[in-house]
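J.: In case you want the letters, here they are:
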Amino acid sequence: MTGPSDPEVIRELRARVAAAVPAMSLDEAAVRAAGHRRVSQRRWAAGGSAVAAAMLLAVVVTTSGWLPVSNGIGLAGDTGQTPCVTAPSVEYRAPGQSVAPLPQGATVTVTAQVGEPVTVHFVGACAAGGRLMINDSGSSGADGFTDLWSGEITGSWTPAEPGPRTLLAAWACSGPKPCPLATLGYITVITGGPRPLDPQPSSEVTPGQTPAASPDLEALAPGEWHLTAGPDVGDADRALASALLTFALDPKAAPDALAFAPTVALGSGATIERSVPADQLRDLAAWDVAPGGGYERNGPFNALEILAARIGGTDDYGVNGGKYGGRLSVSLGAHPGCPYTQVDVPTEYATAAQVWISPADGAIDSCIDWFAVNLFVDGGAVGAVTVQLGSP
Amino acid sequence: MTGEPDGGAFTDELVELVPVASKVRRDEGFAAFMAGSQAELLRTAWLLVGDAYRAEELTQQALVRTYGAWSRAQRDPLAYTRRVLVNLRTDTWRRRRHEVLMAPERLPDRGRAEDVGVEQRDEISRVLGVLSARQRRVVVLRYLLDLPEAEVAADLGISVGTVKSTASRSLARLRAELPGAAGPGPTDRGGDDDRSQ
Numbered sequence: 027m028t029g030p031s032d033p034e035v036i037r038e039l040r041a042r043v044a045a046a047v048p049a050m051s052l053d054e055a056a057v058r059a060a061g062h063r064r065v066s067q068r069r070w071a072a073g074g075s076a077v078a079a080a081m082l083l084a085v086v087v088t089t090s091g092w093l094p095v096s097n098g099i100g101l102a103g104d105t106g107q108t109p110c111v112t113a114p115s116v117e118y119r120a121p122g123q124s125v126a127p128l129p130q131g132a133t134v135t136v137t138a139q140v141g142e143p144v145t146v147h148f149v150g151a152c153a154a155g156g157r158l159m160i161n162d163s164g165s166s167g168a169d170g171f172t173d174l175w176s177g178e179i180t181g182s183w184t185p186a187e188p189g190p191r192t193l194l195a196a197w198a199c200s201g202p203k204p205c206p207l208a209t210l211g212y213i214t215v216i217t218g219g220p221r222p223l224d225p226q227p228s229s230e231v232t233p234g235q236t237p238a239a240s241p242d243l244e245a246l247a248p249g250e251w252h253l254t255a256g257p258d259v260g261d262a263d264r265a266l267a268s269a270l271l272t273f274a275l276d277p278k279a280a281p282d283a284l285a286f287a288p289t290v291a292l293g294s295g296a297t298i299e300r301s302v303p304a305d306q307l308r309d310l311a312a313w314d315v316a317p318g319g320g321y322e323r324n325g326p327f328n329a330l331e332i333l334a335a336r337i338g339g340t341d342d343y344g345v346n347g348g349k350y351g352g353r354l355s356v357s358l359g360a361h362p363g364c365p366y367t368q369v370d371v372p373t374e375y376a377t378a379a380q381v382w383i384s385p386a387d388g389a390i391d392s393c394i395d396w397f398a399v400n401l402f403v404d405g406g407a408v409g410a411v412t413v414q415l416g417s418p
Numbered sequence: 003m004t005g006e007p008d009g010g011a012f013t014d015e016l017v018e019l020v021p022v023a024s025k026v027r028r029d030e031g032f033a034a035f036m037a038g039s040q041a042e043l044l045r046t047a048w049l050l051v052g053d054a055y056r057a058e059e060l061t062q063q064a065l066v067r068t069y070g071a072w073s074r075a076q077r078d079p080l081a082y083t084r085r086v087l088v089n090l091r092t093d094t095w096r097r098r099r100h101e102v103l104m105a106p107e108r109l110p111d112r113g114r115a116e117d118v119g120v121e122q123r124d125e126i127s128r129v130l131g132v133l134s135a136r137q138r139r140v141v142v143l144r145y146l147l148d149l150p151e152a153e154v155a156a157d158l159g160i161s162v163g164t165v166k167s168t169a170s171r172s173l174a175r176l177r178a179e180l181p182g183a184a185g186p187g188p189t190d191r192g193g194d195d196d197r198s199q
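Heads up: the protein sequence lines correspond to chains Y and B, in order. Residue numbers for the first sequence follow our numbering, so the first one is 27 and each next one is one higher. Residue numbers for the second sequence follow our numbering, so the first one is 3 and each next one is one higher.
One chain only, chain B, in its complex shape:
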């Protein structure tokens, strides 16, 4: 063991191995990814939080994490970002959480008649708002993003069995909230999830 670098050349190579090119490649790759996936990620975020501004904030947070981990994320950046998106708990999220998860009965039944988009957004927010946070994440990933159960489980760090039971329980709750689907079915406003395997 000596007090000098082995070979003494590493200091010079340290400078040499700081490639501007790699940063340029990263930025180019990230820019292309973001341009192609931004809409889908924002849509996912909106389904999770029910508010456009917060969805943009959450998506930006997730993309920032993805950018910082680009060398690992670039293998499947959309999956990586989605995974961060559904797991990320920001301080903002916590502060404003009650605004998203307010009791469904407190949400307006109808939006302004002249603004169909607002009315529909209110309606879907109300419908998804009956679900617990975990149920909502499962529904969004499993049924609205159409991901396989195993992938949902991986994204959320829960077992496939829990994905199945949570999805089943979620659909039972949604059944009563979607009058357009058919008549009222069994409702369950009880516990968070059916945790049986």
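Isolated chain Y (complex conformation):
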């Protein structure tokens, strides 16, 4: 039987909707007040009710050309509780570069040109029960740093005049004594940026679909990707990540480099939901996890779809296309989430090698676009795959 065409169905649906939407309204001031409360609550949740310390991360911009990074620990203020000022390690990362860890409280000198936009992204996390506090100024903005999510802060600015200038975020870990707290933190300078401490550039993986060298990231076509990998990522890890991306684009084809264990555990965050025989993994639906949602999002989540969505689009908005599309990175080891900085590793795979794919540095500017697809490798085979998403 012949029914209405798709356009007819759409027209009818639109016509009915047009007459059906009820009158609704919101109070702008109430929304703004709720926004203030949310920002404040997240800051308090991260930092507790008292400022234990304010360690400064200062980004100084001058306009005289590239300058070397200068590091210095600075304890900016101590408002009571004794802070942990020892032991924490901070990793500093510039785009495409991997540099030596910096100590907490390091001062980083960045040089930019007048009129050159500079964006700095900082993520920190405290382990051992520590709580991260960022910018306890009580303000919702500090010279471009207007997002005070716990553990994450991003600032953008364009210097209009020559001379030194300071952008800063006060941050510190407070927590149970005795010290030290284990701290994980890193900074990403998306544009502009310091001269890297490590002159060795990161290795960049170029799968078959992508240009060989110095790829024009803006020119990536649908289905192309560019995978950045740190120097600690081995060839096998890169090949594994590339194979998974190939698989994500066409689940019916299983690349040789993608070696699954006989059964593969699938899950979300630290939770393994089920094990799936490897021969069923060509069915895209088999990868669905977290049907009830998570990370403050609706479910289900699907690792292959998450990856395919990043490299398969053509539009100029969002992670799916334009300047964001296909710019991914492969990394090793456990990692924090976004903006929440908990480390979600299933206990069953705590000792397995973890290879994870996420958006490349600078490819996203919001946690809503962040994700990690984690591969847990044991004995050369992928035994588990988990998904993590950033919260809206």
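If you're looking for bench data, these hints aren't it; they were derived computationally from the structure. On a predicted model such as this, the values are computed, not experimentally measured, just so you know. Check before you lean on any hint, since a few could be wrong.
Facing chain Y, from chain B, some residues (calculated, C-beta under 7 Å) [stated by the list, open to error]:
no.: 1; residue: Arg45
no.: 2; residue: Glu58
no.: 3; residue: Gln62
no.: 4; residue: Asn89
no.: 5; residue: Ile160
no.: 6; residue: Leu176
Note that CB positions come from ideal geometry on N, CA and C, so glycine has one too.
Given the coordinates of chain Y, assemble chain B onto it according to the supplied hints.
T.: Relative to chain Y, chain B alone:
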């Protein structure tokens, strides 16, 4: 490495760099955005949840997130908020989800005769209620907001192929629910989505 801030001036600058002006600018920008986009966002939310009160609640949640991320969202705040809107899973949403996704046959066929608006709302709720949650989001974004497939995919974090197949499957289901469009077509009350690429 020393125990003092490099240059010692940063503490003073910390105070200096807490600009009230930036907060004022943020509030002004947000207020203008909200005034201009509130109606569209509420409409989108209502299409997603089918209830005015919950739509207002969902929209407010999404706007609160947008306000908190204004420095990133202000590039395209409507797109940012819409994206949060279609992805956000609130506790309220979960608690009341059954109220929205109840079986279509349980929804009233007709509203009160004297209230055309209610009747039409009931009807569109019933029609959209036959869709799965993902199908409904795809239909709302693709056909009622008229977004490109790639943008729908980006908003929902799914592939373009899945958007296409889900949209196709959704239209097949809607075909039978919209008698005004034409006669009955193929119906499919089976699985959630066609996941083939």
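J.: Checked against the structure, which of the hints given earlier come out wrong?
T.: none
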